[in-house]
Amino acid sequence: MRRVARIALLAIFGLMLAAEWIAPYPYDRQFRDQAHAAPSRGHLLGTDAIGRDRFARLLYGGRISLVLAPAAALVSVALALAIAVSATLAGGLWERAAMIAVDLVLALPWIFLLLAVRAILPLNTSPAVSAGVIFALLGSLGWAAPARILAAAVKSQLRSDYVLAARAAGCALPRLALVHVIPNLAPVTVAQFWVTAPVFLLSEANLSLLGLGIAEPMPSWGNLLRDLQNLPSLARQPWVAAPLVLLIVTLSCCHAAQPSVEDLR
Amino acid sequence: MRLDLFLFAFLAAAQPLVAQWGGELRLSLRSEPRSFHPALADDDASDMVRYLTGGVLVRINRATQQPEPSLATSWKVLDGGKAIRFQLREGVVFSDGTPFDAGDVLYTVETLMDPNLHSPVGDGLRTEGGPAGAAADGPLTVTIRTPAPLAGGVRLFDQICIMSRRSPLKERAVLGPFRIAEHKPGAWLRLERNPHYWKTRAGRRLPYLDSIRLDIQQNRDLELLRFQRGELHLISSLDPEQFDELARARPGSVRDAGATLENEFLWFNMSPAAALPAYEKAWFASRNFRLAVSHAIRRDDLCRVVYRGHAVPGVGPFPAVNQFWFNRQLAPHAWDLDLARRLLAQDGFRAEGAALRDREGHAIEFSIVTNAGNKARERMASMIQQDLAALGVKLNLVTLDFPSLVERIGKSSRYEACLLGFNNVDLDPDGQMNLWLSSSSNHAWNPEQAAPQTPWEAEIDRLMRAQASTSDGQKRKALFDRVQQIVSEQAPIVYLLNRNALVGIAPVVRGLQPSALHPRLVWNIDEIYLAGAS
Amino acid sequence: MRDFANIAARRLLLLLLTVAAVAVLSTLLVRLAPGFGMDERQLDLRLTGRSVAAIRARAAPDTWRCLTGWLRGDWGSSISLRQPVRELVSERAGITLRTLAAGLAIAWAASALLCLAGLWVHRTALDCALTLAAGGLLCLPAAVVAVLAMYFEAGPAWALALVLFPRVMRYARGILTAGWRRPHVLAARSRGVGPGALALRHVCLPAAPELLALAGISVSLAAGAVVPVEALCDSAGIGQLVWQAALARDLPVLVPLTMLAAAVTCAANLCADAGRVLVCRWV
Chain A
1 MRRVARIALL AIFGLMLAAE WIAPYPYDRQ FRDQAHAAPS RGHLLGTDAI
51 GRDRFARLLY GGRISLVLAP AAALVSVALA LAIAVSATLA GGLWERAAMI
101 AVDLVLALPW IFLLLAVRAI LPLNTSPAVS AGVIFALLGS LGWAAPARIL
151 AAAVKSQLRS DYVLAARAAG CALPRLALVH VIPNLAPVTV AQFWVTAPVF
201 LLSEANLSLL GLGIAEPMPS WGNLLRDLQN LPSLARQPWV AAPLVLLIVT
251 LSCCHAAQPS VEDLR
Chain B
1 MRLDLFLFAF LAAAQPLVAQ WGGELRLSLR SEPRSFHPAL ADDDASDMVR
51 YLTGGVLVRI NRATQQPEPS LATSWKVLDG GKAIRFQLRE GVVFSDGTPF
101 DAGDVLYTVE TLMDPNLHSP VGDGLRTEGG PAGAAADGPL TVTIRTPAPL
151 AGGVRLFDQI CIMSRRSPLK ERAVLGPFRI AEHKPGAWLR LERNPHYWKT
201 RAGRRLPYLD SIRLDIQQNR DLELLRFQRG ELHLISSLDP EQFDELARAR
251 PGSVRDAGAT LENEFLWFNM SPAAALPAYE KAWFASRNFR LAVSHAIRRD
301 DLCRVVYRGH AVPGVGPFPA VNQFWFNRQL APHAWDLDLA RRLLAQDGFR
351 AEGAALRDRE GHAIEFSIVT NAGNKARERM ASMIQQDLAA LGVKLNLVTL
401 DFPSLVERIG KSSRYEACLL GFNNVDLDPD GQMNLWLSSS SNHAWNPEQA
451 APQTPWEAEI DRLMRAQAST SDGQKRKALF DRVQQIVSEQ APIVYLLNRN
501 ALVGIAPVVR GLQPSALHPR LVWNIDEIYL AGAS
Chain C
1 MRDFANIAAR RLLLLLLTVA AVAVLSTLLV RLAPGFGMDE RQLDLRLTGR
51 SVAAIRARAA PDTWRCLTGW LRGDWGSSIS LRQPVRELVS ERAGITLRTL
101 AAGLAIAWAA SALLCLAGLW VHRTALDCAL TLAAGGLLCL PAAVVAVLAM
151 YFEAGPAWAL ALVLFPRVMR YARGILTAGW RRPHVLAARS RGVGPGALAL
201 RHVCLPAAPE LLALAGISVS LAAGAVVPVE ALCDSAGIGQ LVWQAALARD
251 LPVLVPLTML AAAVTCAANL CADAGRVLVC RWV
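Protein chains in written order, with the numbering used here: chain A, 1 to 265; chain B, 1 to 534; chain C, 1 to 283.
No incorrect hints appear here.
FRET-style restraints, in silico, Cβ to Cβ:
| id | chain 1 | residue 1 | chain 2 | residue 2 | range |
| --- | --- | --- | --- | --- | --- |
| 1 | A | I7 | C | L126 | 22 to 28 Å |
| 2 | C | A102 | B | P507 | 33 to 39 Å |
| 3 | B | A249 | C | R72 | 54 to 60 Å |
| 4 | A | P122 | B | E448 | 24 to 30 Å |
| 5 | A | V67 | C | C128 | 24 to 30 Å |
| 6 | C | L126 | A | V117 | 41 to 47 Å |
Restricting the straight-line Cα-Cα distance to at most 20 Å, the calculated cross-link-like pairs of lysine to aspartate or glutamate (DMTMM-like) are:
| id | chain 1 | residue 1 | chain 2 | residue 2 |
| --- | --- | --- | --- | --- |
| 7 | B | K375 | A | D28 |
| 8 | B | K394 | A | D28 |
| 9 | B | K199 | B | E68 |
Derived by calculation from the structure, the hints in this document are not laboratory data. The structure presented is a predicted model; accordingly, all values stated were derived computationally and were not measured. Glycine included, every Cβ here is placed at the ideal spot set by N, Cα and C.
Given only the sequences and the hints, what does the whole structure look like? Please build it.
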């Protein structure tokens, strides 16, 4: 099962990376006489509202979504892990300060920071750069929720026998963290990652309502998923759901392909 | 055939043609009304409530576009347009029984002229010479005076709802066919029939409907879903995809009422204070550049692809649906890349490979801002991007949320080009004075000029002021025709298209006459009824 | 008991300070964001220049006065809706509380049921189905979830539950799976402890601190998710009000509601922490 998932993932990533050679057309080429076309030999997944090939946009869009969203998730989970482990191990004032910071970060309307940063960027910034900046910000702001859960998990670890034994044996805090605590947080940490990655991918789609998403004509799976809002037409045009299906397949393969807890230990 | 059966069959068939009394009409508002005060209605939702509840002296028939008597039975324009005398209808009372007379009209005008009110309707009554005043020449005769001729004239009074000076309910006492009954903030608003409405039919007081329920529904997909389920009777604005979807599923329930006054256009930032490089300012200041861009855009494609044929190419400030004011000598700028290249060559632009460059060798690249979340505009921008690429122009699309957009175009001037639309509510060009006058804050491409910076803007200023200073319709028409011609020649605004009015109407609703002018479906609300209601 | 009271008092004080900090920082964020002080009415062609200037002035309230007012409990009036903020909130609070309570209850009930079923049954097919279901729901944009919920006439509570469920389930599954693999659980199984007692006493109870932390975090996730859910479902709650206020940069509405959300989040986490302490002492 794991092997199948890994092969599937390689195939998907391979397709995305080779989009320039596999995609039949550039993602922004408009076939205006064939808008909203059904799948055909010329357009495997049909065309969108202004005649752009959906298959090409799916391939090119995967690059943005499958690279930037997981990268942002990695950043936020790594930050959460670092903060949770160091604050909980340090205890006392540091732990309290970290939890206050978590509450603050969770409560503040960061959307306005994103708007402010977008306003600072020059208008002629390329879509790729502005996408990178937005995902970097999402990654650096998205650590709070995972941090709280990881902190509770660290606390739980600290009560376990092997940690007590390690501390009794004089194990220093950094070693305790790296050898005894963090590896045992693997399942929870990995769960955070698999929740956070699609959340960031979809955040990009939701942020496009405020002008913070990927700029046209560059596609992303997030902005392709916006077409699903028109449910009645989905029954007549089920191929519009292709990005959703591919996203579910990709995430499921990632989940199935991940090493087991024993392998991580 | 037996006579009784024949009569029964005849009556059954004729039933829908005879107006039915009673029932509740259900439609939606796109946002929470900000105010129920008739003078402060400045958003679409408040405007709709005002239309349904307010009584006006004169009502514009949206089908004929002509003013018709309402609370005023007749009127006379005097003193070269500086005064209008209204003869008021006798025996009219407000919704709480308070009598209506000339004093209420005076009170309304006085309220609108309050300098701290800042009402769009009130500002329409102000001329360059100062505010309007009113005097009663009897209990049912009132004269409205302005220091300078009121160019919009009698038509302005279609938007001025008369308020009671005596009623304890204040502005909640109304003269229209409905009054506000219940309001659940954020959810819905229910209007009930005004028991004292002055219009009658067959000896009974109109309206036919008992009530109207206005659900606050921002999500268009949900609105469509509810319409398909029969929970809503009307949708006043469908997007083209929804229209086609509904036309396929329920063919009799949609109507394309033709081109509206709502136009989509783009303009370039020509403000000298804009933080743009000098060479970019030079591009946008070049008439040939603007015209070339206009001729490179395929308007037919925008209408056909984005609006699925439910739009017409834009010509100028008004489309042909504005029967009197539209300049029929003008036509949309045709798609012509050769002409565009020739125009550009005249100003020293040249193609180098795939890129267009100016005299100094700068590649022509600029951004266009538009508001995020508007699918049609985003698609249009993508198509314009491809059209201009054929000329070698690199266009970058930037979508912004609305407040950020307003800040850039209205305050900081930190933009290069903008794609936006205007929802004109007024047939009269006087309603667009603040767009055309160079000193105005809404003079899109270069606002608040101390003095007109170009001869053609000076000419437009002169023409607009001249048309505002006379009440002679034909003279005004000639003057505004010239304004439209200058706009077409100079292209400070590149008009793209006018959207059609796409509406959804449930089969049970009768008496409707969909119009391209606001409010599209309920402009004759007192004549609308529901089949099978009573 | 006295220690507990002291700790509770300290935590409450911290909560108040956090809420005050949220007020200041969120005011700063809104103030710095582009579009503050702008009103779309400025683009109304019917207005004179004087009216446009007056509208601009009204759209940018005195920030310092607003901030001191909020910290004193005076919430002022909404710029965009022209009503007292307290009135707006009190009209809508009931709807949002019901949506939150129902959404959280549905999400937790479904997650608990499926996680425990996954532990008891332990079949690959069930695991795959749960992964796909959670993954699929995570991949749906909030707008699609809202339309789906309304399509099936389920309402905003179900839309919120659909948004929360995959997150709660994934986290909970990770926590419970880790707990299931502990040596003492294996020992209990080998001694013939029944699945119910195994799950509750040997898996859930030791994992209670993490589950309580998850419960606390799910409240703040719900508070965040209720904003787009109510806005997209056209439900007249506080979430819809926050969304409209954010679009309009309506500072007098945004900051008090942000303070309210912060208070709810901190209170939820405070309760979770208190619960964790009690459970740890008991276990």
